[in-house]
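In my numbering, the protein residues as written are 1 to 164.
Misleading hints may appear alongside valid ones.
For lysine to aspartate or glutamate, the following DMTMM-like pairs were computed, each having C-alpha atoms within a straight-line distance of at most 20 Å [what the hints assert, rightly or not]:
| # | residue 1 | residue 2 |
| --- | --- | --- |
| 1 | Lys21 | Glu149 |
| 2 | Lys29 | Glu149 |
| 3 | Lys29 | Glu97 |
| 4 | Lys21 | Glu141 |
| 5 | Lys21 | Glu90 |
| 6 | Lys21 | Asp115 |
| 7 | Lys29 | Glu81 |
| 8 | Lys21 | Glu81 |
| 9 | Lys53 | Asp33 |
| 10 | Lys136 | Asp115 |
| 11 | Lys136 | Asp33 |
| 12 | Lys53 | Glu100 |
| 13 | Lys53 | Asp115 |
| 14 | Lys53 | Glu97 |
| 15 | Lys29 | Glu100 |
The set of hints was computed from the structure by calculation and includes no laboratory data.
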Amino acid sequence: MSHIHYVFNLMKENRSQEQLKLRNVASAKYGGDWHSVPHTHNHLALFYIVGGKGQFLIQDQLYPVNVNNLVIINPNVTHTEVSLNAQPLEYIVLGIEGIELAANNNSNGQFNILDHIESVEISGCLRNILREMEQKNPGYEDVCQAYMEILIIRLMRSTALAVP
Numbered sequence: 001m002s003h004i005h006y007v008f009n010l011m012k013e014n015r016s017q018e019q020l021k022l023r024n025v026a027s028a029k030y031g032g033d034w035h036s037v038p039h040t041h042n043h044l045a046l047f048y049i050v051g052g053k054g055q056f057l058i059q060d061q062l063y064p065v066n067v068n069n070l071v072i073i074n075p076n077v078t079h080t081e082v083s084l085n086a087q088p089l090e091y092i093v094l095g096i097e098g099i100e101l102a103a104n105n106n107s108n109g110q111f112n113i114l115d116h117i118e119s120v121e122i123s124g125c126l127r128n129i130l131r132e133m134e135q136k137n138p139g140y141e142d143v144c145q146a147y148m149e150i151l152i153i154r155l156m157r158s159t160a161l162a163v164p
């Protein structure tokens, strides 16, 4: 018989996941009632574009987005979404408290736009969170929190994102 035993390092420093909290989840598709108003949040906003094309207005500058882009806006950064009428913008967005994510780019750590995020693991986590929120089965909040933590870890593994 073969036996392999793994032990977790419980004394590990920087266990940032313990402070993470999923604050809100939404699915949106541009329509005639869309009011694009610049605003801020006191938590990170993570947008995954699932359809259409548009732009994000971030700190008074426009950035194009389309399907499979991931837009990460850190807390207290002014932003709004702008859709193209011909191809309505559609996205899933998470509000996550207790974290900022940064990469080596020109955004000064305020935001990140990642192209071609087609990972089944990442999009799967987002869709599973939405499904759990819709069905509201017993324990759904804990399941959503766990999927969000997996999502953050997967993003950090597969991109240049890190906790500053």
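Hints versus structure:
Distance check on the hinted pair: Lys21 and Glu149 sit about 9 Å apart at the alpha-carbon level, within 20 Å; holds. At most 20 Å may separate the alpha-carbon atoms for a hinted pair to count; Lys29 and Glu149 exceed this at roughly 25 Å. In summary, the hint linking Lys29 to Glu97 is not supported, as the alpha carbons are separated by about 24 Å, beyond the 20 Å threshold. Pair hint Lys21 plus Glu141 holds up; C-alpha atoms about 10 Å apart against a cutoff of 20 Å.
Restraint check for Lys21 and Glu90: the C-alpha separation of about 24 Å exceeds 20 Å, so the hint is violated. Only pairs whose Cα atoms come within 20 Å are accepted, and Lys21 paired with Asp115 is rejected, the gap being roughly 25 Å. For the proposed pair Lys29 and Glu81, the alpha carbon gap of about 11 Å is at most 20 Å, so the pair holds. A distance of roughly 24 Å separates the Cα atoms of Lys21 and Glu81; the hinted pair therefore is violated under the 20 Å criterion.
For the proposed pair Lys53 and Asp33, the alpha carbon gap of about 17 Å is at most 20 Å, so the pair holds. Restraint check for Lys136 and Asp115: not satisfied, since their Cα atoms lie roughly 32 Å apart, outside the 20 Å limit. Proximity of Lys136 to Asp33 is assessed by CA-CA distance (about 27 Å); at most 20 Å being required, the pair is judged violated. Proposed proximity of Lys53 and Glu100 is contradicted: the alpha carbons are some 26 Å apart, above 20 Å.
Using a Cα cut-off of 20 Å, the hinted pair Lys53 and Asp115 holds, with the two alpha carbons roughly 13 Å apart. Taking the CA atoms of Lys53 and Glu97, the gap is near 27 Å; set against the 20 Å cutoff, the hint is violated. The hinted pair formed by Lys29 and Glu100 fails the criterion: a straight-line CA distance of about 26 Å is larger than 20 Å.
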